[in-house]
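**Student:** Sequence:
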Amino acid sequence: MLRYPQAVKLDAVGPGGMLRVVGNARQGGVAAWVDQAFLNPLPEGFVETLRRAENRRKEVDALIARKEIAIGMTTEEVTRSLGKPQKRSSRSGREGTSQVFEYIKYELVPQTVFTPSYAQSITGYRPSPGEKLETVVMRGNYGYGASTIYVKVPVGTVKVSFVNGIVESIERSEGTLAGSHAGVVVPPIEVGW
Numbered sequence: 001m002l003r004y005p006q007a008v009k010l011d012a013v014g015p016g017g018m019l020r021v022v023g024n025a026r027q028g029g030v031a032a033w034v035d036q037a038f039l040n041p042l043p044e045g046f047v048e049t050l051r052r053a054e055n056r057r058k059e060v061d062a063l064i065a066r067k068e069i070a071i072g073m074t075t076e077e078v079t080r081s082l083g084k085p086q087k088r089s090s091r092s093g094r095e096g097t098s099q100v101f102e103y104i105k106y107e108l109v110p111q112t113v114f115t116p117s118y119a120q121s122i123t124g125y126r127p128s129p130g131e132k133l134e135t136v137v138m139r140g141n142y143g144y145g146a147s148t149i150y151v152k153v154p155v156g157t158v159k160v161s162f163v164n165g166i167v168e169s170i171e172r173s174e175g176t177l178a179g180s181h182a183g184v185v186v187p188p189i190e191v192g193w
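Going letter by letter, the sequence shown gives residues 1 to 193 in the working numbering.
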């Protein structure tokens, strides 16, 4: 049984308006499902705000799983989706703080190079089954050998502009235009009363 009176933490909203709260009882911390009638009334539209916040969270988690970003995401969500930016700049003014994260997309391009080489082979043979293994070194001659190296080449950039921690615009340059339609999500919803 929860102690009365105390402030409890709202953990979840269930069907039929039941609320899962976390609080303190005589034996320590407990979590329980409580009817709204036993608590101070919730603000008008609070449950609907919670549902909108949960829908936004699911939408953002789906974008992060696909390594995509959208206008309305926070700096933390963009970092979870695309990783640490290669370049970062910020500016503070009367309107607030603005930041720009720049991500550079690279592609590995194979290149074949010919380098001077010396051919040599080492083989082992056994003259007869009972004898010791003998090693023969056959010397070759000089020449050129082909080898493949991979060069990391920048193919495009994505610049993400934030105003007060929320994505305001997304700018893509060449090489990153595939699927370049910028999605929009609802900015983070503040929940509390």
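Simulated from the structure, these hints should not be mistaken for lab results. Each residue gets a CB set at the ideal place from its N, CA and C atoms; glycine is no exception. It is possible that some hints are incorrect.
[Stated by the list, open to error] Derived BS3-like pairs: lysine-lysine, alpha-carbon spacing no greater than 30 Å straight-line:
{"#": "1", "residue 1": "LYS67", "residue 2": "LYS132"}
{"#": "2", "residue 1": "LYS67", "residue 2": "LYS152"}
{"#": "3", "residue 1": "LYS105", "residue 2": "LYS132"}
[To be verified] FRET-style restraints, in silico, Cβ to Cβ:
{"#": "4", "residue 1": "VAL22", "residue 2": "ASP61", "range": "48 to 56 Å"}
{"#": "5", "residue 1": "TYR150", "residue 2": "GLY83", "range": "15 to 23 Å"}
{"#": "6", "residue 1": "GLN111", "residue 2": "SER173", "range": "17 to 25 Å"}
{"#": "7", "residue 1": "ARG88", "residue 2": "ALA12", "range": "20 to 28 Å"}
{"#": "8", "residue 1": "SER173", "residue 2": "ALA12", "range": "23 to 31 Å"}
{"#": "9", "residue 1": "VAL34", "residue 2": "SER173", "range": "51 to 59 Å"}
**Student:** Tell me if the straight-line CA distance from LYS67 to LYS152 falls inside 30 Å.
**Tutor:** 21 Å, holds
**Student:** Please verify whether LYS67 and LYS132 have alpha carbons no more than 30 Å apart.
**Tutor:** 61 Å, violated
**Student:** For VAL34 and SER173, compare the CB-CB distance with the range 51 to 59 Å and indicate the outcome.
**Tutor:** 54 Å, holds
**Student:** For the pair ARG88 and ALA12, does the Cβ-Cβ distance stay inside 20 to 28 Å?
**Tutor:** 37 Å, violated
**Student:** Starting from the range 23 to 31 Å, see whether the pair SER173 and ALA12 falls in it by beta-carbon distance.
**Tutor:** 44 Å, violated
**Student:** Is the hinted range of 15 to 23 Å satisfied by the C-beta distance from TYR150 to GLY83?
**Tutor:** With Cβ atoms ~21 Å apart, the hint holds.
**Student:** Given the hinted pair LYS105 and LYS132, is their alpha-carbon gap at most 30 Å?
**Tutor:** Cα-Cα ~58 Å, so violated.
**Student:** Verify the CB-CB distance for GLN111 and SER173 against the hinted window 17 to 25 Å.
**Tutor:** Holds - the Cβ-Cβ distance for GLN111 and SER173, about 24 Å, lies within 17 to 25 Å.
**Student:** I want to verify a distance hint. Is the separation of the beta carbons of VAL22 and ASP61 within 48 to 56 Å?
**Tutor:** 23 Å, violated
In this structure, the hints that do not hold are numbers 1, 3, 4, 7, 8, in rising order.
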